[in-house]
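So you can see what is in the structure, the chains are spelled out below.
Protein chains: 4
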Amino acid sequence: MIIVASKGITTDQLDRIRERVEALGLRTHVSIGESRTIIGCIGDEARLSHVPLLSIPGVDSVHPVMRPYKLAARDFAADRTTRVSVGDRLFGGRACLVAAGPCSVEGAAMMAETGRAVAGEGAALLRGGAFKPRTSPYSFDGLKEDGLRILTEVREETGLPVVTEVLDPRHAELVAGYVDMLQIGTRNMQNFPLLREVGQLQRPVLLKRGMSATLKDLLLAAEYVMSRGNMQVVLCERGIRTFGGETRNTFDLAAIPWLKMETHLPVIADPSHAGGRRDLVAPLSFAAVAAGADGLIVEVHPDPESALSDGDQSLTFDGFAALMRDLGVFAEAAGRTL
Amino acid sequence: MIIVASKGITTDQLDRIRERVEALGLRTHVSIGESRTIIGCIGDEARLSHVPLLSIPGVDSVHPVMRPYKLAARDFAADRTTRVSVGDRLFGGRACLVAAGPCSVEGAAMMAETGRAVAGEGAALLRGGAFKPRTSPYSFDGLKEDGLRILTEVREETGLPVVTEVLDPRHAELVAGYVDMLQIGTRNMQNFPLLREVGQLQRPVLLKRGMSATLKDLLLAAEYVMSRGNMQVVLCERGIRTFGGETRNTFDLAAIPWLKMETHLPVIADPSHAGGRRDLVAPLSFAAVAAGADGLIVEVHPDPESALSDGDQSLTFDGFAALMRDLGVFAEAAGRTL
Amino acid sequence: MIIVASKGITTDQLDRIRERVEALGLRTHVSIGESRTIIGCIGDEARLSHVPLLSIPGVDSVHPVMRPYKLAARDFAADRTTRVSVGDRLFGGRACLVAAGPCSVEGAAMMAETGRAVAGEGAALLRGGAFKPRTSPYSFDGLKEDGLRILTEVREETGLPVVTEVLDPRHAELVAGYVDMLQIGTRNMQNFPLLREVGQLQRPVLLKRGMSATLKDLLLAAEYVMSRGNMQVVLCERGIRTFGGETRNTFDLAAIPWLKMETHLPVIADPSHAGGRRDLVAPLSFAAVAAGADGLIVEVHPDPESALSDGDQSLTFDGFAALMRDLGVFAEAAGRTL
Amino acid sequence: MIIVASKGITTDQLDRIRERVEALGLRTHVSIGESRTIIGCIGDEARLSHVPLLSIPGVDSVHPVMRPYKLAARDFAADRTTRVSVGDRLFGGRACLVAAGPCSVEGAAMMAETGRAVAGEGAALLRGGAFKPRTSPYSFDGLKEDGLRILTEVREETGLPVVTEVLDPRHAELVAGYVDMLQIGTRNMQNFPLLREVGQLQRPVLLKRGMSATLKDLLLAAEYVMSRGNMQVVLCERGIRTFGGETRNTFDLAAIPWLKMETHLPVIADPSHAGGRRDLVAPLSFAAVAAGADGLIVEVHPDPESALSDGDQSLTFDGFAALMRDLGVFAEAAGRTL
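Chains as they are written, first to last, in our numbering: chain A, 1 to 338; chain B, 1 to 338; chain C, 1 to 338; chain D, 1 to 338.
Bear in mind the hints are in silico, worked out from the structure with no lab data behind them.
From a predicted model like this one, the values you see are computed outputs, not experimental measurements.
Watch out, some of these pointers could steer you wrong.
The list treats identical chains as one, so a pair stands whether inside a single copy or across any two.
Unchecked claim - Each computed DSS-like pair below joins lysine-lysine, with the alpha-carbon atoms no more than 25 Å apart:
(1) Lys7 to Lys70
(2) Lys216 to Lys70
(3) Lys7 to Lys216
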């Protein structure tokens, strides 16, 4: 932590700041410049994190120099890449994994049909929501445990491991009992009781970036999960909220390479929510893979026009087949396989 | 709902769109313009909300014309203002209510001291967090039930009704058993299981706007609570996340008058989180009251420099006394009392 | 400037960084911490501003500690408030000045009528656009020099000094020859040739914040004008562009007190553009004055429904009269006059 | 244009709205629904654009259905792709064109060296700023006409057509006399006098998206240029300003495919400004090409550490060589050449 003193700080004020910092076990180092005095704080910066330094007289600004996350930081992992196993698939390896399926599990038949279709085109996982967060209380919110049961049936038939969202800390164990990977949705990225709950389970977690979360916030959310003992976290860029109104969200593509440099966790992208339009899914997918993503999560529906949610952004089976065919070329260009 | 057709839509496509809409019990009304054909959909727009209209061939754009919330809409309340009772105080009446207290309940002595101080200066409610959401898993996260107990002791001594945050749906009943008003924090504005839980309790709810929530999102979150039977909701503007880095958040002042025109629910402001700096609390408070806010929620601490959270933005007792004195003049200018 | 070294920086890298900084006449001060090494740079930070420090091996992050503006910084003015004279009015004194008038000068009659009306209600200045920036090339873009002539005629009749926008560096002298105050619009806040041009004239400048400008950017834009010798700058908050779609812009109210602490220049607000709706003008105006604004600029039109631009947000004469009456009470509460 | 009436609109109000619209030569079509009345306006919507419809009693909301741009809209061009010739290169054809060079022209030697290096690696154009917009008035702002002269010398030696920024409408002709393509920078995307000036010249224009411009704003800016007769416009996504602080700007990748669907103009990307960091240039470039970009503009400098501007994001010659080598693979995957 570096503290920049106000112009005209007094000796007493300076002493008091130093005492405050040193009382927490850090050392201080004062540099008196031409126009500003700077106090370097050496030691465990985390101890200073709750100290309201700006409220101490004589402090003008405060500059943290350490990353606030540890387990999620790239330095933490010896070989600098964590591989996350989901069923017999591996996130973070050479293969780019595509999770595909409908927004919501709407019934057994449509899920089975979708499972077969996406498995046939090379999807690595099956997605489908059994518990749905909906902006309006009047919208369809999922089949709940029936949906989970359907997902496991389709897994049995297709061999695809299954990822589904968990919304409520009270359901975490239940959901983990059925599926292979637990998704934390964008609205729950900072639902701390939920993060702690999935941190205590031994199921891999797909953590989606919050709509207005910085990348540091995302890594701190991963840290919540990891600090409880569950190190199997995959991060997902899915678009952020900005002034731009032409697409559903703003796909922050640079998040992918930035995260790959900053953390050892695998990083995937959700082109369906990022763009919000079927015809944007393919170009966003190609871009994500070209930028180094370890995978994608894509919405596919047997009949998007009749989907109970997210129909506008869901691919048809034909659309998914075309996506996978073209994606293979970009994966190869990126030195990956599908 | 108004559907604008693509250029060159075929008769078949047009018929199909109409059939789809009419199958849901709405009527359609087609206007053929010089360059565009428009399909008006007359009836209950909510039934169309899950239909992926954009994915139907021939549809160019879709324009909802109804508000997606009902109970929260201004039209809903006959006299156009809901009054929310908290203990013996009333949000939405002539008086502007100020809730004051520390970010976190740190102990019995500091809470008692704070309670007496803010009661003496005219605060209407006492605030204090027993369960704290923290961006880092390594930060202090509250005294939990001990904190709730302390809050009730200070209520007994001071007579101030108490508002505190509830984070976890599993704690909703517990918290409601202790305090007078349940706060839903900014990170939980779209935590739907939690909203449903507090919707089933008979405790007034202080609903803070999410960091990247539109005002429509905020009203839909209120609708979640109200649709479960709890109509006692107070809305709170607390700043949004934008590119602006000079203040902790961007205080969206216009949200206050906009909400007052759009809903019958009371609206208050949180100048402490909006500005994130002690010296911004007073001007933001004056502005909120001038713009028509029904109250404020303000952080006050006996010794901000030693606060375990939010010390930078907490007022001292003297600071709070000065705020209340000056605020009275603005409340009067706005035709209100404190 | 503080430079934080990468983990594992070598002695050679450290030496090279120091040499680079010292070659520019600054001194360096190295603190070796437990996990990070920090290089304090003491001296004229501006000399480092063009050095791509992040591209030097061994540099992890860079933290400027000096403000990049000098003339606009609060410290610069001895008595900490600059007063800007426009005609016989003074921005930055005890009086809150209200500039009022139509978005565009549409003709002599409507301007004269408006001038008389707003003068009668206590406006301090007359506004009106002769050169209009329009998002679409097909919109009305002003009466140009004819509009300037009309403005001076109304000034003669009403005694109100006149403020109008200048868009084009080629017109700066022409406009300055007619009016009392030159407005730089939001789209031109970083039009550097234009800023330099008005910096060479001796006309006060009303500098509106860019739609996505930070407050530091705004002060640097003021610095452009001031560095050319024209110190008569008034800043104006007019709303920024965010995800919030319910109002035309997001009125960043906290900008007003933040700027008042950070600069010696007067600060006013534009509630018409910030809200974009007639019924938001009054509450935003009250809030701005309560938060310490030195004035307002408000759109008023004899018949908003027939206005050639910004009709939705223009007040009628009656609306303006009501605003001024109510505003007086808030100005008094803030210790100001109108 | 569709007008949604307020609840409880009177017949008189409805008549008045219709009269207002019909007076402009449009027809109206009224649909009376269960809870809302809707007025469809049929005809030339542009005539309604300046009418303050929201200020007419009885109007609740207004929904434009036509695009506000014409010449830039995809429908305008018969074969749906405009090809823009710059020297002997063609934007919008099968080849992906890479413009490369330093941020600023710093001198003849470094430009010649850079020109030779980038030409050798397959760059299609040379970039370099002679007039530089700088946030601070104290930063280096370019060599001006000397810089232009240097650019033409390097063109002569290398055969690369040259693109450079024009900042000031007074310099447009001068700059057009020297270079092959005129760049409008992000801060000038809505500098309307400048847009009009370049619209009257017969030089292709590289139009960069404003920092907070929507894609519709960008197309309207293109419309300004085109409406003056210069149809040779290439659009450039270069990152927008959002809350995200980890990269210099937020690269809005989806803008590329969205624009390709919405306009017939070529679209390129600027990965250097979007990411602001050398190590992000390659992944952002790959992604842009994968998403369908018609080209890139990349900063390259012989010695980034000593660059007078943008050194942090400039590639070395070796870095550029590596970029071009890897980019070729992605271009091929996208069915393009370099």
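Each hint, compared with the structure:
For a Cα distance limit of 25 Å, the shortest separation of Lys7 from Lys70 across copies, 14 Å, qualifies, whereas the shortest one inside one copy, 35 Å, does not. Taking identical chains as interchangeable, the C-alpha atoms of Lys216 and Lys70 lie at most 25 Å apart only when both belong to the same chain, with a minimum of 11 Å there against 32 Å between chains. Proximity of Lys7 and Lys216 under a CA criterion of 25 Å is satisfied inter-copy only: 19 Å between copies versus 31 Å inside one chain copy.
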